[in-house]
Amino acid sequence: MELQNINSQTNAAFNQQDPAKKNEMGHQQFLQLLVAQMRHQDPINPLDGAEFAAQLAQFNSVEQLINVNSGIKELYESQEMMSAGLTNSLAASLTGKHVKAVSDVVQLPVGESANIQYKLNSSASNVDIIIMNESGNEVRRESLENVAASSHEWSWDGRNNNGERMPDGRYYVSIHASNDDANVNALTYVEGMATRVRYTGDGVRLTVNGVDIPIGDVEEVGLPL
Numbered sequence: 006m007e008l009q010n011i012n013s014q015t016n017a018a019f020n021q022q023d024p025a026k027k028n029e030m031g032h033q034q035f036l037q038l039l040v041a042q043m044r045h046q047d048p049i050n051p052l053d054g055a056e057f058a059a060q061l062a063q064f065n066s067v068e069q070l071i072n073v074n075s076g077i078k079e080l081y082e083s084q085e086m087m088s089a090g091l092t093n094s095l096a097a098s099l100t101g102k103h104v105k106a107v108s109d110v111v112q113l114p115v116g117e118s119a120n121i122q123y124k125l126n127s128s129a130s131n132v133d134i135i136i137m138n139e140s141g142n143e144v145r146r147e148s149l150e151n152v153a154a155s156s157h158e159w160s161w162d163g164r165n166n167n168g169e170r171m172p173d174g175r176y177y178v179s180i181h182a183s184n185d186d187a188n189v190n191a192l193t194y195v196e197g198m199a200t201r202v203r204y205t206g207d208g209v210r211l212t213v214n215g216v217d218i219p220i221g222d223v224e225e226v227g228l229p230l
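For reference, each letter of the sequence shown is one residue, going 6 to 230 in the numbering used here.
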């Protein structure tokens, strides 16, 4: 068999590929290699029939796998488009609805208080509600005792630990809960009317009580109160 001719045709087939994929053999390159092998086989020692049949079966299997992968990719892309369409349609209908979503952000209105909502997975003997500014510095800490496993609400009057009124704007909430020496899991929420829907490159986002939240963090939707 003329190996030099086969090698030259094989190299030509691979050189036609995308440079990023030159180390991968596609079904077209496999077929070209098989044809080159048949064309340049030694007439005195032709390719064994069983070996040839095995190579054809291998090619057929490779082509079927490529087609299956292509079909799966198209199905996945179709499902992604459908899911995005449903999410966008749902988000548009949330404007004006009462929404509860997981969030550690609280918006302090001008001259008003802000409600801090949180949920404990189990009862806690000690709960620290910590308010931090956008730089991550603590401005207020409230310590509570013997808090049951349930949803709770605490009203922050907007003042820091020294009793001074803080500027309006965005703050962050952290709940540190424990029962003796064991930590207790806690989640913080934002709740109110969804006033705005935005479609961004990172997904759909809602504005609730002045807080920007991903639609995936929404836990409850209801009629306006």
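One thing to keep in mind: the hints can contain errors.
Pairwise CB distance ranges, derived in the manner of DEER restraints [said to hold, decoys possible]:
{"id": "1", "residue 1": "S160", "residue 2": "L228", "range": "16 to 26 Å"}
{"id": "2", "residue 1": "S75", "residue 2": "S155", "range": "50 to 60 Å"}
{"id": "3", "residue 1": "G141", "residue 2": "A97", "range": "33 to 43 Å"}
{"id": "4", "residue 1": "L228", "residue 2": "K124", "range": "17 to 27 Å"}
{"id": "5", "residue 1": "I77", "residue 2": "D186", "range": "43 to 53 Å"}
{"id": "6", "residue 1": "S75", "residue 2": "E143", "range": "49 to 59 Å"}
{"id": "7", "residue 1": "D207", "residue 2": "S75", "range": "20 to 30 Å"}
{"id": "8", "residue 1": "K78", "residue 2": "N165", "range": "13 to 23 Å"}
{"id": "9", "residue 1": "K78", "residue 2": "N138", "range": "43 to 53 Å"}
{"id": "10", "residue 1": "E224", "residue 2": "A97", "range": "49 to 59 Å"}
{"id": "11", "residue 1": "N190", "residue 2": "P114", "range": "23 to 33 Å"}
Honestly, the hints are just simulated from the structure, not real lab data. All C-beta atoms in this analysis are idealised placements derived from N, C-alpha and C, irrespective of residue type, glycine included.
Problem set entry | Hint numbers contradicted by this structure | Violated hints (numbers, rising): 8 and 10; every other hint is consistent with the structure.
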